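**Student:** Sequence:
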Amino acid sequence: MQKKTLTALLSTAALAAVTVALAQSAKLSDNVVRVGVLTDLSGVYSELSGQGSVKAAQMAAADFMAQNPSFKGKVQVIGVDHQNKADVASNKAAEMIDRQNVDMLVDLPTSSAALAASEIAKQKKIPALVVTGGTTALTNEKCNKYTFHYAYDNYMLANGTGTAVTKRGGNSWYIIYPNYAFGQDLNKQMVAAITENGGKIVAPSDATPFPNTDFSSYLLKAQGLKPKVFGTMQAGADLVNVVKQYNEFGLRQQGIGLGIGLLFETDVAALGQDAYAGALATVPWYWNMDQRARDWAAKFEKAFGKKPTWAQAGTYSATMTYLQAVARAKTDNGDAVVKALEGHRFSDFFARNASIRPQDHRVLLDVYTVQVKPKAQAKENGDYFNRVATIPAARAFQPLSESKCKM
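Position 40 of the sequence shown, counted from 1, bears residue number 55 in the working numbering, the numbering being contiguous throughout.
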C-alpha cells in the first residue's frame with residue numbers, strides 16, 4: 016500500500032512538474048492570454064448568461080493561474096455585449112481581436128450572433144468556443160476549423176425532449192419559435208424528432224418576432240387546435256413571457272401540455288417552478304445534480320451572489336478547457352490550440368465523459384432529460400429538477416454520419 020501511495024504521489028508530482036514546464040516554455044502573444052467573453056449583457060439572455068458568464072470565465076482564469084503558477088498574471092478576461100445582433104457580434108468580435116488582442120471567444124448566446132462571430136474567428140484564426148448559441152449549423156454547413164460547439168445544440172434538445180415527450184403520450188404538437196437562426200433550426204430539429212417517434216404536428220409551426228412580449232394570438236390558436244402539447248422554442252425572457260401567458264390562458268387546465276425546447280434555471284426562477292411543474296427539458300448540467308456540481312456552484316454563488324445557470328457553468332468549463340489546451344500547445348497561437356483541442360478527452364464538474372470530435376468540433380458529453388418539480392417537492396431553494404434520464408454522450412448528439420461539416 017505504501018509503495019502504491021508513493022507511486023501515486025510521484026505521478027502527481029511529475030504531472031505538476033510537466034504542467035509547470037509547459038507553462039514556463041509557453042510562447043504567448045503579448046505575454047498574455049486574453050479570453051473574450053462575447054455575450055448578452057443587456058437583453059433577453061443577460062440573466063442566463065451575461066455578467067454571470069463573465070464571472071465564470073474570470074473564475075476559470077483564476078483557477079488556471081493558481082494551478083499553473085508560471086501563468087500567474089498572464090490570463091485576462093474581457094467581457095463585451097453583442098446585444099443579440101449578428102452585425103454587432105461581427106463588429107465586436109473583430110474589435111476584440113484587432114484592438115483588445117483577445118486570443119479566443121467564448122459563450123456567444125443567440126445563434127445568429129454566434130454564427131457571425133464564428134465567421135470572424137475563422138478569418139482571424141482564433142478559437143471560438145460556443146456555449147450558449149444552439150444552432151446545429153455550427154457543426155454542419157457553417158462549421159469551420161476554429162469554431163467548437165461546447166455545451167448543447169438543437170439536435171440534442173430535440174433528441175432528448177421531443178423524443179421523451181412524444182413517447183410519454185404527447186404525440187400531437189403545435190409549435191411556436193423565435194424567428195431567427197436558433198428558433199428556425201430548433202423548430203426543424205423538434206419537428207423531425209416528434210415525427211420520427213410517431214407524433215404529428217397539427218398545424219404548421221408559427222414564427223414569432225424576436226424579442227417579443229405578447230404571445231396571446233398563438234395561445235388562442237393553440238386553444239382552437241387542441242394539441243396534446245403546446246411547444247415553445249423560445250428562451251430566456253421570451254420563454255418566461257410565453258409560460259406566464261400559457262398559465263394565464265389556462266391551457267394546462269384545458270389538457271394542453273407544455274413542451275419546452277430550451278430551459279434555463281433563471282427561466283424557472285422568474286415565475287416560480289409551479290408555473291413549469293411537470294414540463295420536461297433536456298440540459299447538459301444543473302447545479303445540484305451531484306456533489307461535484309454542488310461544490311462548483313457554491314463557489315460561483317459566493318463569487319457572484321446567485322446560483323449558476325448551466326450556460327455560466329459551461330462558460331467556466333469551456334474557458335478552462337481552452338486554457339489547458341494553451342498549456343499543452345505551449346502557445347496561444349490559434350492553429351496550435353485548435354490542434355490541442357481536437358480529439359481531447361476530459362471529464363470535469365460540468366462536462367461528463369466528454370470528448371471533442373475532431374471532424375466537426377462537436378463537444379460530446381452526457382446530457383440529462385429532467386422534469387420540473389412542483390414547489391412542494393423542492394428540498395431547498397433552486398431545487399428545480401428531477402432527473403428522468405441520462406443520455407450518454409455517444410447518443411446525445413447528431414451522429415457524425417449525418418453531419419454536413421466540411422472543414
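For the record, the hints were derived by calculation from the structure and aren't laboratory data.
Since we're looking at a predicted model, the values are computed, not measured.
Yeah, the Cβ is synthetic: ideal placement off N, Cα and C, and Gly gets one too.
Hints may be right or wrong, so weigh each one.
Below, a list of computed lysine-lysine pairs in the DSS-like style, where the Cα atoms sit at most 30 Å apart [unchecked claim]:
#	residue 1	residue 2
1	419	140
2	354	390
3	215	160
4	160	100
Quick list of simulated restraints, FRET-style, between CB atoms [said to hold, decoys possible]:
#	residue 1	residue 2	range
5	226	116	27 to 35 Å
6	232	106	32 to 40 Å
7	81	44	41 to 49 Å
**Student:** If a hint holds in the structure, say so; if it doesn't, say that too.
**Tutor:** Do the hints match the structure? See the list:
1. At roughly 22 Å between alpha-carbon atoms, residue 419 and residue 140 fall within 30 Å of each other, so this suggested pair holds.
2. The straight-line distance between the Cα atoms of residue 354 and residue 390 is roughly 47 Å, outside the 30 Å bound, and the hint therefore fails.
3. Distance restraint check for residue 215 and residue 160: the Cα-Cα separation of roughly 38 Å exceeds the 30 Å cut-off, and the hinted pair is therefore not satisfied.
4. Note on residue 160 and residue 100: the hinted pairing holds, with a Cα-Cα distance of about 23 Å set against a maximum of 30 Å.
5. One distance hint, 27 to 35 Å for the beta-carbon pair residue 226 and residue 116, holds here, with the actual separation near 33 Å.
6. Against the hinted window of 32 to 40 Å, the Cβ-Cβ separation of residue 232 and residue 106 comes to about 35 Å, which satisfies the hint.
7. A C-beta distance of roughly 22 Å is found between residue 81 and residue 44, which places it outside the suggested range of 41 to 49 Å.
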